[in-house]
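Number of protein chains: 2
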Amino acid sequence: MGKLLIVGSVAFDAIETPFGKTDKILGGAAPFIGLAASQFNVESAIVSVVGDDFPKEYLDLFSKKGIDINAIEVVKGGKTFFWKGKYHNDLNSRDTLETQLNVLANFNPIVPDNYKDAEVLMLGNLNPSVQLSVIEQMETKPKLIVLDTMNFWMDNTLDELMQVIAKVDVITINDEEARQLSGEYSLVKAAEKIQAMGPKYIVIKKGEHGALLFHKGSIFFAPALPLEEVFDPTGAGDTFAGGFSGYIAKTEDYSFANMKTAVIHGSNLASFCVEKFGTKRLQELQHDAVYKRLEQFKSLTQFDIKLT
Amino acid sequence: MGKLLIVGSVAFDAIETPFGKTDKILGGAAPFIGLAASQFNVESAIVSVVGDDFPKEYLDLFSKKGIDINAIEVVKGGKTFFWKGKYHNDLNSRDTLETQLNVLANFNPIVPDNYKDAEVLMLGNLNPSVQLSVIEQMETKPKLIVLDTMNFWMDNTLDELMQVIAKVDVITINDEEARQLSGEYSLVKAAEKIQAMGPKYIVIKKGEHGALLFHKGSIFFAPALPLEEVFDPTGAGDTFAGGFSGYIAKTEDYSFANMKTAVIHGSNLASFCVEKFGTKRLQELQHDAVYKRLEQFKSLTQFDIKLT
Chain A
582 MGKLLIVGSV
592 AFDAIETPFG
602 KTDKILGGAA
612 PFIGLAASQF
622 NVESAIVSVV
632 GDDFPKEYLD
642 LFSKKGIDIN
652 AIEVVKGGKT
662 FFWKGKYHND
672 LNSRDTLETQ
682 LNVLANFNPI
692 VPDNYKDAEV
702 LMLGNLNPSV
712 QLSVIEQMET
722 KPKLIVLDTM
732 NFWMDNTLDE
742 LMQVIAKVDV
752 ITINDEEARQ
762 LSGEYSLVKA
772 AEKIQAMGPK
782 YIVIKKGEHG
792 ALLFHKGSIF
802 FAPALPLEEV
812 FDPTGAGDTF
822 AGGFSGYIAK
832 TEDYSFANMK
842 TAVIHGSNLA
852 SFCVEKFGTK
862 RLQELQHDAV
872 YKRLEQFKSL
882 TQFDIKLT
Chain B
582 MGKLLIVGSV
592 AFDAIETPFG
602 KTDKILGGAA
612 PFIGLAASQF
622 NVESAIVSVV
632 GDDFPKEYLD
642 LFSKKGIDIN
652 AIEVVKGGKT
662 FFWKGKYHND
672 LNSRDTLETQ
682 LNVLANFNPI
692 VPDNYKDAEV
702 LMLGNLNPSV
712 QLSVIEQMET
722 KPKLIVLDTM
732 NFWMDNTLDE
742 LMQVIAKVDV
752 ITINDEEARQ
762 LSGEYSLVKA
772 AEKIQAMGPK
782 YIVIKKGEHG
792 ALLFHKGSIF
802 FAPALPLEEV
812 FDPTGAGDTF
822 AGGFSGYIAK
832 TEDYSFANMK
842 TAVIHGSNLA
852 SFCVEKFGTK
862 RLQELQHDAV
872 YKRLEQFKSL
882 TQFDIKLT
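Line by line, the protein sequences are chains A and B. Following our numbering, the numbering of the first sequence begins with 582 at its first residue and continues without gaps. Following our numbering, the numbering of the second sequence begins with 582 at its first residue and continues without gaps.
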C-alpha cells in the first residue's frame, strides 16, 4: 500500500440545484478527493489552507476517515475559500454566483516531511503555480502524479499550467477542456496532442456520458452509471480523481490494465457523490454499497461475444 | 437462422458535411438496415417503394448482398423519395434543406408470402400507419419486432405511433426522443415509462455517446467507438438497427444476454457507416474488418475487477 498526497482547495460551498439549496457546506476539491480515496483505507494527507472560521468538526471528519490533516494550514483571522453556484435545470451547466478566494489567494503549500516520499501525488484543481511548488518539494519522485485542472487555468495561467502538464503522468480534464487545450475537436486527436505535452495517460471526463482513458494507441471507456436522479453534481470530478488515485495508491500497480480498474472505481464513487448535496453521500458511504454498485458497473458493460 | 423482414424507406440523399458534399446517392432507412444485416448472411427482404428513376445498379447491389428485392415496388412514372440535408460543424445536428416524399407519400406496403412467417421484423423509421399495416399482414407472429422511429411521428401521428409501440418488442429511439415520448428527463425513468407502453426492450441511442439497452430493471451500455474523424453520420442509427436485428435473426436467441451482444454488433457496424458518405463504407465492408473492430470494442469496455 502506497501513500497518497492530496493537494487541493478546502472550501465552503453554497449550492442551488433544481432540487434544493444549501447554506455554506463543506466543499473544495480536497475533501471530495480525500473522502473518495478513504474508501481504499490508504494512508493519505491533504495539503491545503483554511481560515479559522473552518469548523473543527470537518477537520475531525477527515481524521476519522484516516486522512492526515497536519498539512492543512489554519490562517488566524483568515476566512476560508467560498464558492456559491446555481445549477441549471439539466444539471449540465451552472452559474457561479460568488467566489471569495480569501486565504486561498496567498496559499503557500508546505509538503510535510513524512509525505515527501509519497508514491502517488494527486494534484487537485488549483492554481498551477501551487501544483508546481508541491511537485518540486517532493524528495522522492512519485511513482504517479495525477493532475486535475480546468479551463480557468488554461485561460489565465497557461504557461504555468503547461509546465505542470509536462511533469505529470496522468491528466484528468473534461471534454470541452481537452478540446480547448489541444485545439482538436475529435477527442481521439485531442488525447494524442495532450500526450505529446507530457502525460502518458489522459482521462477525458464526459460527465453523464462517462470517461475515456487514453494511453498510447489504446482507449478504455467507463460509462457513468445511469441514475434515476442526479441531485447535485458538485464534486463528481474530484470524487472521480480521488477514487482513481486512491485505488492506484492502494494497489501500487501502475499498469494500463490497473488504470482501467481505477477509472471504474472513480466512476463508481462519483455515482454516489451526486446523490446528495456536497460530500454528504461520501461521508456516510459504506464498503458494501460501493461493492454492490461495482457489480452494476460490471453488468452494465460486460458482454460475451464470439469473434468467429 | 431466422428470416429478417425489413420495412423502410429507400431514397436518394444529397448530403453536405464539413468534409464535402454529394449529389443524389443511395439513402433511406432500408438500405442501411439491409446492408448492415447482410454482414450476418441472414435471409432478408426489403418492403419498400421507389420510382422508376431508381437505378437498377442499386437494386442489383441489394441482390448481390443476398437481400430479396421482390417486395420493393417500382412505381412507373413515379419519383423516388428524396432528402437533402446539411450537417453543422460538430456533426451532432443538421438542417433539412429539402424533402420530396414522392412515391413514399402513397406507399401501401405488401408483405411477400414467403416472409409472412419471418422470425424478426425490423420496422425502419417510417409512417406508423405503414408499420402497423406490415405487422397486421404477418401470418405468424414474429419472434421479435423491432421498431425504429423519430420525433417527427411523435409530433404528427402520435396516436398511430402509440398503437405500433404497443405491438413491438424492442424500440430504438434517441435520447431526446425518449424524453419527448415519456415526458421524463432521466433516461432511466424514461425507459421505465416506455416499457409500460409495450416494448420489453428499450434502446436509447446517444450518438457519439453510445447506446443504452433497458430491460426490466437491468441496463446495458455500449459505447460508440471513439473515432479520429466522423465523416457523415447519415444512416448510423439505421445501421445500428440493421446490425442489431440482423444478429438476432442470425442467432434466433431472444435472451437479454444476446440482446447485449446485438447492441455491440449494431454499434460496431455503425462505427463503419460514419466513415464515408451514405452507404459507401457498408457496401465495401468485409468480415475481417468487422471482427477486428469488435476486438477494439472488447478492449474499450472490458475490465477486470475483484469484488472483495
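Hints may contain errors.
Note that the list lumps identical chains together, so a pair holds whenever it fits in one copy or between two copies.
Unchecked claim - Listed next, the in silico DSS-like pairs over lysine-lysine satisfying Cα-Cα at most 25 Å (straight line):
#: 1; residue 1: K770; residue 2: K787
#: 2; residue 1: K887; residue 2: K665
#: 3; residue 1: K770; residue 2: K857
#: 4; residue 1: K887; residue 2: K724
#: 5; residue 1: K660; residue 2: K770
#: 6; residue 1: K879; residue 2: K787
#: 7; residue 1: K781; residue 2: K637
#: 8; residue 1: K781; residue 2: K646
#: 9; residue 1: K787; residue 2: K605
#: 10; residue 1: K770; residue 2: K879
#: 11; residue 1: K861; residue 2: K748
#: 12; residue 1: K722; residue 2: K657
#: 13; residue 1: K887; residue 2: K831
#: 14; residue 1: K887; residue 2: K873
#: 15; residue 1: K887; residue 2: K602
#: 16; residue 1: K861; residue 2: K697
#: 17; residue 1: K797; residue 2: K873
#: 18; residue 1: K831; residue 2: K774
#: 19; residue 1: K873; residue 2: K770
#: 20; residue 1: K797; residue 2: K602
#: 21; residue 1: K781; residue 2: K748
#: 22; residue 1: K722; residue 2: K861
Hints listed in this document are in silico derivations from the structure and should not be mistaken for laboratory results.
Hints, one by one, checked against the model:
In the homo-oligomer, the alpha carbons of K770 and K787 lie at most 25 Å apart both inside one protomer (16 Å) and across protomers (21 Å), since each shortest distance falls under that limit. In this homomeric assembly, K887 and K665 never come within 25 Å of each other (Cα to Cα): the closest approach is 52 Å inside a single copy and 39 Å across copies. In the homo-oligomer, the alpha carbons of K770 and K857 lie at most 25 Å apart only across protomers (19 Å), although the nearest pairing inside one protomer, at 36 Å, exceeds that limit. For a Cα distance limit of 25 Å, the shortest separation of K887 from K724 across copies, 23 Å, qualifies, whereas the shortest one inside one copy, 38 Å, does not.
Taking the closest pair of Cα atoms, K660 and K770 never come within 25 Å of each other, the shortest separation being 43 Å inside a single copy and 43 Å across copies. In the homo-oligomer, the alpha carbons of K879 and K787 lie at most 25 Å apart both inside one protomer (19 Å) and across protomers (20 Å), since each shortest distance falls under that limit. Taking the shortest Cα distances, K781 and K637 never come within 25 Å of each other, neither inside one copy (39 Å) nor across copies (53 Å). Taking identical chains as interchangeable, the C-alpha atoms of K781 and K646 are never at most 25 Å apart, the minima being 31 Å within one chain and 44 Å between chains.
Taking the closest pair of Cα atoms, K787 and K605 never come within 25 Å of each other, the shortest separation being 28 Å inside a single copy and 37 Å across copies. In this assembly of identical chains, K770 and K879 lie within 25 Å of each other by CA distance solely across copies; the values are 21 Å between and 29 Å within a copy. For a Cα distance limit of 25 Å, the shortest separation of K861 from K748 qualifies neither inside one copy, at 34 Å, nor across copies, at 45 Å. Proximity of K722 to K657 under the C-alpha cut-off of 25 Å is found in neither arrangement, the shortest distances being 33 Å within a copy and 78 Å between copies.
In this assembly of identical chains, the alpha carbons of K887 and K831 lie at most 25 Å apart only when taken from different copies (14 Å versus 35 Å within one copy). Proximity of K887 to K873 under the C-alpha cut-off of 25 Å is restricted to the inter-copy arrangement: shortest distance 12 Å between copies versus 28 Å within a copy. Taking the closest pair of Cα atoms, K887 and K602 never come within 25 Å of each other, the shortest separation being 50 Å inside a single copy and 38 Å across copies. In this assembly of identical chains, K861 and K697 lie within 25 Å of each other by CA distance neither inside one copy nor across copies; the values are 31 Å within and 58 Å between.
Proximity of K797 to K873 under the C-alpha cut-off of 25 Å is restricted to the inter-copy arrangement: shortest distance 19 Å between copies versus 32 Å within a copy. Taking identical chains as interchangeable, the C-alpha atoms of K831 and K774 are never at most 25 Å apart, the minima being 30 Å within one chain and 42 Å between chains. In this assembly of identical chains, the alpha carbons of K873 and K770 lie at most 25 Å apart only when taken from different copies (21 Å versus 36 Å within one copy). In this assembly of identical chains, the alpha carbons of K797 and K602 never lie at most 25 Å apart, being 43 Å within a copy and 34 Å across copies at closest.
With identical chains, the CA atoms of K781 and K748 are at most 25 Å apart within one copy only, with a shortest distance of 10 Å there and 51 Å across copies. Taking identical chains as interchangeable, the C-alpha atoms of K722 and K861 are never at most 25 Å apart, the minima being 34 Å within one chain and 52 Å between chains.
Checked against the numbered hints listed earlier, the structure breaks hints 2, 5, 7, 8, 9, 11, 12, 15, 16, 18, 20, 22; every other hint is satisfied.
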